[in-house]
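**Student:** This is what each chain is made of:
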Amino acid sequence: MSDAQFDAIVIGSGITGGWAAKELTEKGLRVLMLDRSPDVKHGEDYHGEHVSSWKLPFYGKEQRQLNDQEYFMSRHSGVLSAANRHLFNNDRDNPYQYDTTKPFHWIRGGGVGGRSLLWYRQCYRFSPADFNANREDGHGSAWPISYEDIAPWYDYVEDFIGVSGQAEGLAQLPDGKFLPPMQFYGIEKTVKKRIENKLPGVNMTIGRTAVLTENHRGRAACHYCGPCERGCSSGSYFSTQSSTLPAAHATGKLTLRADSLVERLEYDRDTKRISAVHVIDSKTGERLMFSAKLVFLCASTIASTQILFNSSSDDFPNGMANSSGVMGKYLMDHTTGIVATAVFLDNLDNYYYGNRPNGFYIPRFRNNLDQDGDAEFIRGYGFQGNSTRPHWGDLANQKGFGKAYKDALSQPGNYWAIGLAGFGECLPNANNRVTVDKAKLDRFGIPQVRVAMEWRENELKAREDMALQAQKIFRAAGAVFTVTNGELNNPGDGIHEMGTARMGDNPRESVLNKWNQSHDIANLFVTDGSCMVSSSCVNPSLTYMALTARACDYAVTQLNKGLI
Amino acid sequence: MNRRQFMQLSALVLAGGAVSGPSLAVDQQQLFVLGRSFIEQPVDLFSSAQRKLLQAAVETIIPRTDTPGALDASVDRFIELCVAQFMTEPERTVFIAGLDELVNAVDQQQSDLITLLTELEEQHSDAAWYQLGNRVGNGFDSSAPFICQLKELTVVGFFMSEVGATQVLRHNPMPGQFDGETVLASDQPSWARNTPGDLS
Ligand SMILES: Cc1cc2nc3c(=O)[nH]c(=O)nc-3n(C[C@H](O)[C@H](O)[C@H](O)COP(=O)(O)OP(=O)(O)OC[C@H]3O[C@@H](n4cnc5c(N)ncnc54)[C@H](O)[C@@H]3O)c2cc1C
Chain H
36 MSDAQFDAIV IGSGITGGWA AKELTEKGLR VLMLDRSPDV KHGEDYHGEH
86 VSSWKLPFYG KEQRQLNDQE YFMSRHSGVL SAANRHLFNN DRDNPYQYDT
136 TKPFHWIRGG GVGGRSLLWY RQCYRFSPAD FNANREDGHG SAWPISYEDI
186 APWYDYVEDF IGVSGQAEGL AQLPDGKFLP PMQFYGIEKT VKKRIENKLP
236 GVNMTIGRTA VLTENHRGRA ACHYCGPCER GCSSGSYFST QSSTLPAAHA
286 TGKLTLRADS LVERLEYDRD TKRISAVHVI DSKTGERLMF SAKLVFLCAS
336 TIASTQILFN SSSDDFPNGM ANSSGVMGKY LMDHTTGIVA TAVFLDNLDN
386 YYYGNRPNGF YIPRFRNNLD QDGDAEFIRG YGFQGNSTRP HWGDLANQKG
436 FGKAYKDALS QPGNYWAIGL AGFGECLPNA NNRVTVDKAK LDRFGIPQVR
486 VAMEWRENEL KAREDMALQA QKIFRAAGAV FTVTNGELNN PGDGIHEMGT
536 ARMGDNPRES VLNKWNQSHD IANLFVTDGS CMVSSSCVNP SLTYMALTAR
586 ACDYAVTQLN KGLI
Chain A
276 MNRRQFMQLS ALVLAGGAVS GPSLAVDQQQ LFVLGRSFIE QPVDLFSSAQ
326 RKLLQAAVET IIPRTDTPGA LDASVDRFIE LCVAQFMTEP ERTVFIAGLD
376 ELVNAVDQQQ SDLITLLTEL EEQHSDAAWY QLGNRVGNGF DSSAPFICQL
426 KELTVVGFFM SEVGATQVLR HNPMPGQFDG ETVLASDQPS WARNTPGDLS
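Protein chains in written order, with my numbering: chain H, 36 to 599; chain A, 276 to 475.
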């Protein structure tokens, strides 16, 4: 293909790649989008959508043997099933390395659209304090941007993707442009009232989610069938396929090439630019090369870092765009996992209609304005909560047979259960890092990623505090019974991996500038989670989207000025 | 392969053509598109004595009342498929040994099935399976004794089946809206589930 064919190459078609393709094509650029995975056509390829329980293998019980052998990481997502297996990475075919005593779970998508088809869709803005945190307490390095820099881009992204939620006026969780909020369960209203009465500073709001509560930009409101992660032909949740890809295609300027694994980028010393993107067709093994004026790397945090390390050359012996030497370091995720579950005997004459694909949220309430006197950790965490009226699965593990057992299991249990999952901020630490292992090649001969990450003292201390506070919250909420869970998920299980090519003003301490542009190479932009400087405690994808849109705007301006 | 191609494929199958899927995933997609239930596939693991006992056992656990019971939902077939394909070898060994013990006990007419099952349950009452907080979901407790394995698969095989989901529970695949405060009438069955362990 001739050099003149494309103005920009976007690597990856997930949440960030989809945004880059939309923005760049809408600004008039001819874009080639490359993804290593097979194509997934909107609607047509959601094979498991609305499939009845009795058609699933083992009626939906886990296909353990298959998962043990081929999906041993994907299974940790909690949403892998026969109904969406084709949207997940095959972990046997695409291996990576880690120390088995300190596992890191890398959970990846396996189709075009990446994890945009699989995500849980929670959308929260980072707060002004989040962008100041590193500067103030000295962990990691300072963000080169403030909340004010990104706020208009949050507006822009929310308006396009459709985020339902309730404005609360909280400094630690800035409001956005929301569609009408989803409803609470009756029990949640009861609990919210009690908590907010008894625990000043603790708030409870409905989850802010990229699921439509009304028709929006040609996409239909949610029909509440339940398992979004199987794909949604009515486009009721944000995915590449439902939102950014149609917008990019509508310009007539997008070429999407699936099954196109980017092996490495090539640097031209004379022009000081990326001059070529080297691709392996993952179906045929054929090697191809593409060129364009701009390269947007959106392959997701770890995969983008891998590509840059595997693009080392004489000019960049330690990895492309890594003159600072910080690339691969400061990998972050969120600590996750159910912290506590409680039983409530209120609102027992309430039931529900429809499957709400969303929970509630208790925003950060620790160390908010100042460090709390009784907190042995810095920064904070939020709780994502889910309520259930017990059904047969929750009631089965009891003694008994016959009619009484059958009747008890056929009806809703006589209580409500609420679970709180903690999402804790992870401090940037140079020893949490991604490298490549030249001795371990994958099936294409590409050096594999090696990930080393562990939770450190601050994360562990915060996790202990979560258990105490969850009990306090449940007590205030009127629980009759609470169980706490000491187990902490592995790094990676948060599926919010980020930070390996951080932004910064100082080129000696960061990989990217404040526009997600490589300090070293003007036509290289990295806009997935690898750019992150700190992790906040909120789900990060909304921030990745806003940064991507902002970077595209800057890149095209620079291009038009002839500066790239 | 996309849905359109599947439709063509399914036409072929219905016309009597043979289909051999290139991979498990594709086989699964065929099942979805053909609209077949999981239990509509051949399995031949148990002897007729074992089958007979299993049928009696599942119907004892979930009998037909004014609504259909375990046998109406072919729970015995679901279990035979699960023992053959879902269980690990050690789990299968436990299940088959347990089933054979029951066959023998009933043969020797020591007592009736419900008494035998109740005894088994008492014997294993300290099994982790019964512990508070445990639930029947997507996974499986590998340490579960036979009686717990049997109950778990009966319950899943019943409430996730077409008969259980649509005639015993309430099945509404397309609610169209969400209301978190409907009034719960007495004797109102639960909603059917999308998967045994999902949150919604
Ligand atoms: C179950 C689950 C729940 C989640 N819930 C939330 C949530 O509630 N809120 C939230 O904010 N985030 C959530 N996330 C995380 C969210 O999905 C990710 O943060 C987001 O998808 C990252 O976007 P991305 O574009 O960087 O990567 P992805 O969406 O993963 O896309 C990367 C794409 O790049 C492609 N690629 C990789 N390597 C190469 C290569 N070498 N060459 C070519 N292409 C390549 C991949 O095939 C993939 O399509 C969740 C994730 C999962 C799995």
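Keep in mind that the hints were calculated from the coordinates and are not lab data. Ideal Cβ positions, reconstructed from N, Cα and C, are used throughout, including at glycine. A portion of the hints provided could be inaccurate.
Unchecked claim - Examples of chain A residues toward chain H, derived with CB under 8 Å: (1) Thr335; (2) Phe421; (3) Phe453; (4) Val458.
To be verified - A few chain A positions that, by computed beta-carbon distances, are all more than 12 Å from chain H: (5) Ser322; (6) Ala324; (7) Gln330; (8) Glu366; (9) Val381; (10) Gln383; (11) Gln385; (12) Ser386; (13) Phe415; (14) Ala440; (15) Gly455.
**Student:** Would you mind marking each hint as holding or not holding in the structure?
**Tutor:** A quick look at each hint next to the structure:
The closest approach between the C-beta of Thr335 of chain A and any C-beta of chain H is roughly 6 Å, which is under the 8 Å cut-off, so the hint is satisfied. Below 8 Å, beta-carbon pairs count as interface contacts, and Phe421 of chain A has none with chain H, the closest being about 14 Å; its hint is therefore violated. About 4 Å separates the beta-carbon of Phe453 of chain A from the nearest beta-carbon of chain H, less than 8 Å, and the hint is met. Taking 8 Å as the C-beta cut-off, the interface hint given for Val458 of chain A holds, the closest approach to chain H being about 6 Å.
Separation of Ser322 of chain A from chain H is adequate, the least Cβ-Cβ distance of about 23 Å exceeding the 12 Å criterion. At the 12 Å boundary, the C-beta of Ala324 of chain A stays outside the reach of chain H, the nearest C-beta of that chain being 21 Å off. Here Gln330 of chain A stays apart from chain H, with its beta-carbon at least about 15 Å from theirs, past the 12 Å limit. Some Cβ of chain H comes within 12 Å of the Cβ of Glu366 of chain A; the nearest lies about 10 Å off, and the non-interface call is violated.
Under the 12 Å C-beta cut-off, the non-interface status given to Val381 of chain A relative to chain H holds; the minimum distance is some 15 Å. Once the 12 Å rule is applied to beta carbons, Gln383 of chain A is consistent with being away from chain H; the minimum gap is 21 Å. Every C-beta of chain H lies more than 12 Å from that of Gln385 of chain A, the closest at about 18 Å, which supports listing it as non-interface. The non-interface label for Ser386 of chain A is consistent with chain H: the shortest C-beta to C-beta separation is roughly 14 Å, beyond 12 Å.
Non-interface call for Phe415 of chain A relative to chain H: violated, since the shortest CB-CB distance, roughly 7 Å, does not exceed 12 Å. Interface exclusion of Ala440 of chain A from chain H breaks down, the closest Cβ pair being 6 Å apart, not more than 12 Å. Not every CB of chain H is more than 12 Å from the CB of Gly455 of chain A (nearest about 4 Å), against its label as outside the interface.
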